[in-house]
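Please build the complex by placing chain B on the supplied structure of chain A, with the hints as guidance.
Spelled out, the chains give:
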Amino acid sequence: MSRLILETADLRKQYGDLTAVNQVNFSIQRGQVFSLLGPNGAGKSTTISMLSCLLSPSDGDATIDGHSIVNAPNKVKAVIGYVPQDLALYNKLNAKHNLKFWGTMSGMGGATLNKRIDELLERVELADRANDRVETFSGGMKRRLNIAVGLLHRPKLVFMDEPTVGIDPQSRRRILDMVKELRDEGMSVLYTTHYMEEAQELSDEVGIIDHGKMIAQGTQDELRRLVGEQDTLRLHFTEDAPTADLATSFTQLPFVSTANANEQEVVVTVPDAASVLPDLLAIATEAGQRVRSIDIEEPNLEAVFLHLTGRALRE
Amino acid sequence: MNKIFAIGLKDLRLILRDPAALILMLLAPYLITLGLGFVSGAFSDDGSSGIQDIPVMIINQDQDNLGGQLIEVFQSDDLADLIDVIPATSVADGRTQVDEDELAALIIIPANFSDIMIPDPSTGETAEGEALELYRSPARPISASVVEAVVTQFMGQVDQGTTLVTVSIEQLVESGQFDLNTIQDQATELVTSQSTADPLIGLSVNSGTAESSENEFNALAVLAPGMALFFLMYTVTLGGSSILRERTEGTLDRMQTTPTSSGQILGGKIFGIFLTGVAQVGILVIGSSFMYNIVWGDWLGVIALIISAALAATSWGLLIAGLARTPEQVTGIGTAVMLTFGAISDTFVDIDVPALNAIGAITPNQWALQGFTKLGLGQTMVDILPNIGALWLMAMVIFTLAVFSFRRKGV
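For the record, the sequence lines run as chains A and B.
Quick note: the first sequence uses the numbering used here, first residue 1, plus one each step.
Quick note: the second sequence uses the numbering used here, first residue 1001, plus one each step.
Here chain A stands alone, though its shape is the one from the complex (with noise of 0.2 Å):
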């Protein structure tokens, strides 16, 4: 059994003119949660959609558990489990028929089916409103029976298509941390998100898409030295501070890279800003100045889309 659960090659849709997803390569190891991180309209949910087999790829291929989602999709469809974006659930039906559906659907029933559907109702903590219709539910309920949905089955990978949109902070969390526990427990995750947060928090490897293409992947890290691994240290001081003497002062020691004045504040890039912060203070109050609050920012995948795309994740 090969090591990796989906491997695409070249995978590409186009419509027309419009090239949604162009030629893009990526793999994921059994057991681990990949993020497909880019901005709306970047070309996650087409790819998910080709993945799922609901569209046929324009060009290119992929295998998922050994089998071609263009040649043999049934084999596919029978190992993945989706939970799309929008909520695709039947509101005037209850919790419970939702699940029995679905699973029916999934090729499930009996006794299994209904032991199953009891256990993800505890899971996704509804065993309290399985018999109550979805129409009553709120977003966040909603969500995470949309999940419970995709995983009726166990199957073996399960994409995720920003399954935390639109929801409250605590059912985000929810999910969030059922990911994890689906990791742990040795099950494969696709996770499409905008949220930077989401995907540094989730992710083994993480996959930048934009305009179609994925233009990186790796592991935090590998993506994190793309930009360097230095720290960014904001120093904020009252108005009247001499910043740009500070600064001087700071460019002058040996494990600072630069320093920058601006305005009320000095901006010093480290390799390790919580090593060298004393130091820096010490300079200051030598200086006679005092300091009044202090940012550290580590880099992230923010920076890296950043730095390789010239724009903000999120504009």
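Where hints are given, some of them may not hold.
Cross-link-like lysine to aspartate or glutamate pairs, in silico, DMTMM-like; alpha carbons within 20 Å at most [as the list claims (entries may be wrong)]:
| hint | chain 1 | residue 1 | chain 2 | residue 2 |
| --- | --- | --- | --- | --- |
| 1 | A | Lys-92 | A | Asp-132 |
| 2 | A | Lys-180 | A | Glu-119 |
| 3 | A | Lys-142 | B | Glu-1249 |
| 4 | A | Lys-92 | B | Asp-1115 |
| 5 | A | Lys-100 | B | Glu-1249 |
| 6 | A | Lys-142 | B | Asp-1253 |
| 7 | A | Lys-180 | A | Glu-205 |
| 8 | A | Lys-96 | A | Asp-128 |
| 9 | A | Lys-92 | B | Glu-1249 |
| 10 | A | Lys-92 | B | Asp-1018 |
| 11 | A | Lys-213 | A | Asp-86 |
| 12 | A | Lys-156 | A | Asp-132 |
| 13 | B | Lys-1409 | B | Asp-1298 |
| 14 | A | Lys-96 | B | Asp-1018 |
| 15 | A | Lys-156 | A | Asp-184 |
| 16 | A | Lys-213 | A | Asp-10 |
| 17 | A | Lys-180 | A | Asp-168 |
| 18 | A | Lys-75 | A | Glu-7 |
| 19 | A | Lys-142 | A | Asp-86 |
| 20 | A | Lys-100 | A | Asp-132 |
| 21 | A | Lys-75 | B | Asp-1253 |
| 22 | A | Lys-100 | B | Asp-1253 |
| 23 | A | Lys-142 | A | Glu-122 |
| 24 | A | Lys-142 | A | Asp-118 |
| 25 | A | Lys-156 | A | Asp-204 |
| 26 | A | Lys-156 | A | Glu-205 |
| 27 | A | Lys-115 | A | Asp-132 |
None of these hints come from the bench; they were simulated from the model.
For chain B alone, coordinates are given in the frame of chain A:
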């Protein structure tokens, strides 16, 4: 197969939880039938079923006055709207008119009718002789049964000795001994039983040779199936639009990511629409039987016709959904088709335009309505086989077109 049933039952469950759909599917047909029934006089105070001016000829050969009393009953003001007594000619001519379906019934009152029915005051015995003959048209089972009910009730009163020859019929009606309101009930009972269970002494009932025709008009018996079929088109349109609604709501896409084939999905949707249609017409048929005392006829035929009509209508609903792009378009086109089909299939009024009647043959309404009318007139499953065959043929052709249109959409 399991998945097809699951999709179908899910759709039925969804419709049953939609109050607006239920009102249009079930309540509206009842209310409109009720309204049209009132307009047509089906619920008029005389207790009739919408049948009017039943042509009856009475040949009175009675040498005493009981025969005259019976004629008075038929010519009374209370029966004026219901019965049209045709001037008597001869027995032979009367029988011919019944056989040619010009009369609903011929009543032949024998020469010694009074003596047969009324005991001699001195001996207490009745005379022997020919029975009163009711020669009824099989083409007008309900009308003939109304006539028979009147005769039966009259003779029942005489037989019980409650009717005295000196008592006028008006007095009988006023005293409540002759109850016109029960005539319809008796007629219905006679139609359903197809016989007089306990024939009265002195009454002989014979059937003529007239072939069934559409002359028999029972307002409710025609209105109710017409409305059921009219709203069946609404139901199948609603079902058809659910396919597109599932697409816009993402559930169709989700189904397509499961190991469920397109054929199973389409089959399930068809089953759901069909199931809903059968349930709707079935409920309307059963309900109207109880509510309006409508005699639908041979139940085997009724069931076969319901299934066939639902199947043909389902194919139309599917084709409309296959041709439309959005659920809203389906609703718009569906409503237009529903109204058009209703109009050209004589659901509301009998349009005597040959060209329109010919076009009406493409509607499930026309074939099914004809079938229900035949069954209501006492014909059986065998007699409606052409209608059932036409509905199945229609279903096959339209289904093929619908599946083709859905294939083009990638379903």
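Quick rundown of the hints versus the structure:
1. Taken as a hint, the A:Lys-92 and A:Asp-132 pair is honoured in the structure, with Cα atoms around 9 Å apart against an allowance of 20 Å.
2. Annotation: proposed proximity of A:Lys-180 to A:Glu-119 holds, straight-line Cα distance about 17 Å (limit 20 Å).
3. For a cut-off of 20 Å, the pair hint linking A:Lys-142 to B:Glu-1249 stands: about 14 Å separates their Cα positions.
4. A hinted pair counts as satisfied when its Cα atoms are at most 20 Å apart, and A:Lys-92 with B:Asp-1115 does not qualify at roughly 73 Å.
5. Proximity of A:Lys-100 to B:Glu-1249 is assessed by CA-CA distance (about 19 Å); at most 20 Å being required, the pair is judged to hold.
6. Taken as a hint, the A:Lys-142 and B:Asp-1253 pair is honoured in the structure, with Cα atoms around 18 Å apart against an allowance of 20 Å.
7. This hinted pair checks out: A:Lys-180 and A:Glu-205 have alpha carbons roughly 13 Å apart, not beyond 20 Å.
8. Restraint check for A:Lys-96 and A:Asp-128: the C-alpha separation of about 11 Å stays at or below 20 Å, so the hint holds.
9. Between A:Lys-92 and B:Glu-1249 the CA atoms are separated by roughly 13 Å; this keeps the pair inside 20 Å, and the hint holds.
10. With a C-alpha separation of about 8 Å, the suggested pairing of A:Lys-92 with B:Asp-1018 holds against the 20 Å cut-off.
11. This hinted pair does not check out: A:Lys-213 and A:Asp-86 have alpha carbons roughly 23 Å apart, beyond 20 Å.
12. Between A:Lys-156 and A:Asp-132, the direct Cα distance comes to roughly 30 Å. Violation of the 20 Å bound is thereby established for this hinted pair.
13. Between B:Lys-1409 and B:Asp-1298 the CA atoms are separated by roughly 43 Å; this puts the pair beyond 20 Å, and the hint is violated.
14. At most 20 Å may separate the alpha-carbon atoms for a hinted pair to count; A:Lys-96 and B:Asp-1018 meet this at roughly 19 Å.
15. Of the pairs offered as hints, the one joining A:Lys-156 and A:Asp-184 holds, with about 13 Å between alpha carbons and a cut-off of 20 Å not exceeded.
16. Restraint check for A:Lys-213 and A:Asp-10: satisfied, since their Cα atoms lie roughly 10 Å apart, inside the 20 Å limit.
17. A threshold of 20 Å between alpha carbons decides the hint, and for A:Lys-180 with A:Asp-168 the separation of about 19 Å falls inside it, so the pair holds.
18. Restraint check for A:Lys-75 and A:Glu-7: satisfied, since their Cα atoms lie roughly 15 Å apart, inside the 20 Å limit.
19. For the given pair, A:Lys-142 sits about 10 Å from A:Asp-86 by alpha-carbon distance, which is consistent with the 20 Å threshold.
20. For the given pair, A:Lys-100 sits about 14 Å from A:Asp-132 by alpha-carbon distance, which is consistent with the 20 Å threshold.
21. The hinted pair formed by A:Lys-75 and B:Asp-1253 meets the criterion: a straight-line CA distance of about 17 Å does not exceed 20 Å.
22. For the hint pairing A:Lys-100 with B:Asp-1253, the CA-to-CA distance comes to about 18 Å; that is within 20 Å, so the pair holds.
23. This hinted pair checks out: A:Lys-142 and A:Glu-122 have alpha carbons roughly 14 Å apart, not beyond 20 Å.
24. For the given pair, A:Lys-142 sits about 17 Å from A:Asp-118 by alpha-carbon distance, which is consistent with the 20 Å threshold.
25. With a C-alpha separation of about 17 Å, the suggested pair A:Lys-156 and A:Asp-204 falls inside the 20 Å cut-off, and the hint holds.
26. Of the pairs offered as hints, the one joining A:Lys-156 and A:Glu-205 holds, with about 17 Å between alpha carbons and a cut-off of 20 Å not exceeded.
27. Between the alpha carbons of A:Lys-115 and A:Asp-132 the distance comes to roughly 19 Å, so the proposed pair stays at or under 20 Å and holds.
In summary, the structure is inconsistent with hints 4, 11, 12 and 13 from the numbered list given earlier, while agreeing with the others.
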